[in-house]
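Undergrad: Order-wise, the sequence lines are chains A and B.
Counting in this note's numbering, the first sequence runs from -6 upward without gaps.
Counting in this note's numbering, the second sequence runs from 4 upward without gaps.
No lab work stands behind these hints: they were computed from the structure.
Predicted model, so just to flag it, every value in this text is computed and none were measured.
Ideal Cβ placement from N, Cα and C applies to all residues, glycine included.
A hint or two may mislead.
So, partial list: chain B residues that the calculated Cβ filter (under 10 Å) puts toward chain A [stated by the list, open to error]:
#, residue
1, I7
2, T23
3, F36
4, G43
5, S45
6, T51
7, E61
8, G63
9, L95
10, A99
11, Y104
12, E105
13, Q106
14, G109
15, P110
16, G111
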Amino acid sequence: AQRVTQPEKLLSVFKGAPVELKCNYSYSGSPELFWYVQYSRQRLQLLLRHISRESIKGFTADLNKGETSFHLKKPFAQEEDSAMYYCALGYAGKSTFGDGTTLTVKP
Amino acid sequence: SAVISQKPSRDICQRGTSLTIQCQVDSQVTMMFWYRQQPGQSLTLIATANQGSEATYESGFVIDKFPISRPNLTFSTLTVSNMSPEDSSIYLCSAARDGPYEQYFGPGTRLTVT
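Let the hints inform the model, and build the full structure from the sequences given.
TA: Here's what the structure looks like:
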């Protein structure tokens, strides 16, 4: 069955430190993977898509098919990065979301 | 992008009643979805709202409990029927234009059933 696992429910780092939010997936086909972010009192919004291989707000994510992972990384975290992050797997016309990781960046 | 609005933003309802949530998109989109989200938890897909035909429901969700309409390419409704306290949740509408996976989300409807 298709599944997305985000092993860390909470993650706390200091401003300026590197941050990595982990995401593992299980899917037998060719995956389409995304990261969504929800800032406090805002709606859920798309952050990154794996096919575009882009950097948004300093975040990058690389799809590793061998490890079935799609970890989200940023070399220097900022306080405004504090938010809830969801990894999502797209397949068969719908999406499955992980449980989310709450990132707190401390000053 | 697409801007999505939902009405109502929140409601408190009595057990046994029904509530209809409206979702309006500012432009035509190919796909619309309805999710349920417990506060601080993951999103669970309820159904895909299909324009002009019956919605496609996920396992554990049935049309009698969650009837969905999508009369055109910019509007959908979700009704939560015969509510119980277990239906208390945030209900999210989303839409996709460029493929089914890059979704734009509404602000959500916070439902409390007493």
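Undergrad: State for each hint whether it applies.
TA: Hints versus structure:
1. I7: 8 Å, holds
2. T23: Result: violated, 20 Å to nearest chain A Cβ.
3. F36: 7 Å, holds
4. G43: Status holds, d = 8 Å.
5. S45: The hint holds - S45(B) has a Cβ within 10 Å of chain A, the shortest such distance being about 4 Å.
6. T51: With a minimum Cβ separation of about 6 Å from chain A (threshold 10 Å), the hint on T51(B) holds.
7. E61: 8 Å, holds
8. G63: Since chain A brings no Cβ nearer than about 14 Å to G63(B), farther than 10 Å, the hint is violated.
9. L95: With Cβ-Cβ at 7 Å, under 10 Å, it holds.
10. A99: Because about 9 Å separates A99(B) from the closest Cβ in chain A, which is inside the 10 Å limit, the hint holds.
11. Y104: 3 Å, holds
12. E105: Given a least distance of 6 Å, the restraint on E105(B) holds.
13. Q106: 7 Å, holds
14. G109: OK, holds: G109(B) within 10 Å of chain A, min 7 Å.
15. P110: Constraint on P110(B) satisfied, holds at 5 Å.
16. G111: 7 Å, holds
When the structure is compared with the earlier hints, violations turn up for hints 2 and 8 and for no others.
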